[in-house]
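As you go down the protein sequences, you meet chains A and B in turn. For the first sequence, numbering that gives the first Met the number 0 assigns the number 0 to the initial residue and increments by one for each residue that follows. For the second sequence, numbering that gives the first Met the number 0 assigns the number 0 to the initial residue and increments by one for each residue that follows.
No lab work stands behind these hints: they were computed from the structure. Watch out, some of these pointers could steer you wrong.
List of simulated lysine-lysine pairs, DSS-like, C-alpha gap at most 25 Å [said to hold, decoys possible]:
#1 Lys187(A) with Lys119(B)
#2 Lys80(A) with Lys187(A)
#3 Lys145(A) with Lys134(A)
#4 Lys134(A) with Lys119(B)
#5 Lys99(B) with Lys48(B)
#6 Lys119(B) with Lys99(B)
#7 Lys145(A) with Lys99(B)
#8 Lys56(A) with Lys134(A)
#9 Lys134(A) with Lys99(B)
#10 Lys183(A) with Lys80(A)
#11 Lys56(A) with Lys183(A)
#12 Lys56(A) with Lys187(A)
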Amino acid sequence: MNVTFADITLPLWLVASQWTLLFALGFLVIVMYRQLGFLLSLRDLGTEREGLPIGEKAPAFGYTPLNGSVSPSARIAFTPKGIWSFLLFVDPGCAGCRGTLPALEQLIPTFEQGMRVLVVTTAGPILIDEINVFKTASIDIYHVDKDVPNELYRTRSTPFAYLVDPDGIIQAKGVATDEDEIRKIVQKGDRSTIGMESITS
Amino acid sequence: MGQLLIQITIFLITASLAAVLVAAGAAKLGDISSFATTLIGLGVPAYWKRVVRGLALAVPLLEIGLGLALISGLWAPLIKDAVLVLMCGFDMIVLIALRKAPNVTCRCFGSLSDSQFSGKGLARSLFLTALAVVVFLTRNNYTFQFGGSLYAVGLLVVGYLVFAAAAVQAAMTIAVFKERMS
Numbered sequence: 000m001n002v003t004f005a006d007i008t009l010p011l012w013l014v015a016s017q018w019t020l021l022f023a024l025g026f027l028v029i030v031m032y033r034q035l036g037f038l039l040s041l042r043d044l045g046t047e048r049e050g051l052p053i054g055e056k057a058p059a060f061g062y063t064p065l066n067g068s069v070s071p072s073a074r075i076a077f078t079p080k081g082i083w084s085f086l087l088f089v090d091p092g093c094a095g096c097r098g099t100l101p102a103l104e105q106l107i108p109t110f111e112q113g114m115r116v117l118v119v120t121t122a123g124p125i126l127i128d129e130i131n132v133f134k135t136a137s138i139d140i141y142h143v144d145k146d147v148p149n150e151l152y153r154t155r156s157t158p159f160a161y162l163v164d165p166d167g168i169i170q171a172k173g174v175a176t177d178e179d180e181i182r183k184i185v186q187k188g189d190r191s192t193i194g195m196e197s198i199t200s
Numbered sequence: 000m001g002q003l004l005i006q007i008t009i010f011l012i013t014a015s016l017a018a019v020l021v022a023a024g025a026a027k028l029g030d031i032s033s034f035a036t037t038l039i040g041l042g043v044p045a046y047w048k049r050v051v052r053g054l055a056l057a058v059p060l061l062e063i064g065l066g067l068a069l070i071s072g073l074w075a076p077l078i079k080d081a082v083l084v085l086m087c088g089f090d091m092i093v094l095i096a097l098r099k100a101p102n103v104t105c106r107c108f109g110s111l112s113d114s115q116f117s118g119k120g121l122a123r124s125l126f127l128t129a130l131a132v133v134v135f136l137t138r139n140n141y142t143f144q145f146g147g148s149l150y151a152v153g154l155l156v157v158g159y160l161v162f163a164a165a166a167v168q169a170a171m172t173i174a175v176f177k178e179r180m181s
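Could you put together the complete structure from these sequences and hints?
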């Protein structure tokens, strides 16, 4: 079976394949721009739309330790009340998260003593051991069920952080890939309460 | 007329399936380390580094190879059987992942997709398998024919290779973007 355009005759299979290839290329370009747009919007504008809104109560959840000194079988409850909490969602498969942990390690000594830092992931211990930055992290990393980022905190992307005040209210949130971004999130809270003078200098 | 429409549909399905295979394989090649992480998450022992690396390379190469063979019309019945087996294999992997490792990122299309294994991903995989079944069932009636036009086949394969290169580049660009944002 042949197809004729003007005075050119081509086999049908060739025409079908070429048009499919053309559409596939177009689709690829769309997918790429979509991904790039998503990355940029998440970094700049999209942060406001991502996750729970500021001013909302941070939900409580349970977590289990993946590394550190606490027994892996222990199930701990995160009740976001009483002290300031910096809650960070990470994933070993996310390239952006690999810079977050070293940055957080640098910044933690500058946080106020009573501030709770909680780094959580939905990944299991095998994946944690595979990624060097996670394996060697001095920060305790905890496992949470998939529902915690997806349903409770509505966080699609990692690394994403929340700053929760002693009343359990979200004061700040955002993508936290490096020291500057972590600082910005922490500074959005009430600085007189969490004592961020050393960070801002 | 009906026969012609069926023929066009079968050709379009075959070419689309080839494009999906080539895009998926090429995008995985563009971000092999992330795909290796997915394999570990699916249960391949992390300490078998060579096996992980080998699989992370072999799966995308197999996808690209089958995609190009499908579009070229070479060994048509055999290749169509292989494509169906591969698609069924992917369905099984998605099903197992949904039951045992739902938190693992799929990376079915390298860094072009970051979604985790989900019902939506399973539906997509089943849809592609359905397309492979159609191609399989019609493997003896409708196949790409050379008809002495080797240049045309060669150009078409080159076109799909360019598409593969574009997919690799797109995946690498997205991966670099993600890295730079860290």
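Take the C-alpha atoms of Lys56(A) and Lys134(A), compute the straight-line distance between them, and say whether it is at most 25 Å.
violated, 32 Å
Within 25 Å, alpha carbon to alpha carbon, are Lys145(A) and Lys134(A)?
holds, 21 Å
Does Lys80(A) lie within 25 Å of Lys183(A) when you go C-alpha to C-alpha?
With a Cα-Cα distance of about 22 Å, the restraint between Lys183(A) and Lys80(A) holds, given a limit of 25 Å.
Under the criterion that the straight-line Cα-Cα distance not exceed 25 Å, is the pair Lys99(B), Lys48(B) satisfied?
It holds: about 22 Å lies between the C-alpha atoms, which stays within 25 Å.
Do the alpha carbons of Lys56(A) and Lys183(A) lie within 25 Å of each other, as the hint requires?
holds, 21 Å
Hint check: Lys56(A) vs Lys187(A), CA-CA at most 25 Å. Holds or violated?
holds, 16 Å
Hinted pair, alpha-carbon criterion (25 Å max): Lys145(A), Lys99(B). Please report holds or violated.
holds, 13 Å
Taking 25 Å as the top limit, are the C-alpha atoms of Lys134(A) and Lys99(B) close enough?
holds, 23 Å
For the pair supplied as a hint, Lys119(B) and Lys99(B), confirm whether the alpha-carbon distance does not exceed 25 Å.
Cα-Cα ~17 Å, so holds.
So if I understand the rule, the pair passes when the alpha-carbon distance is 25 Å or less; does Lys187(A) with Lys119(B) pass?
Between Lys187(A) and Lys119(B) the Cα gap is close to 37 Å, so the pair fails against 25 Å, i.e. violated.
Holds or violated: Lys80(A) with Lys187(A), Cα cutoff 25 Å?
holds, 18 Å
Check whether the Cα positions of Lys134(A) and Lys119(B) lie no farther apart than 25 Å.
The given pair, whose Cα atoms are some 32 Å apart, is violated under the 25 Å limit.
Hint compliance for this structure: hints 1, 4, 8 are not met, and every other hint is.
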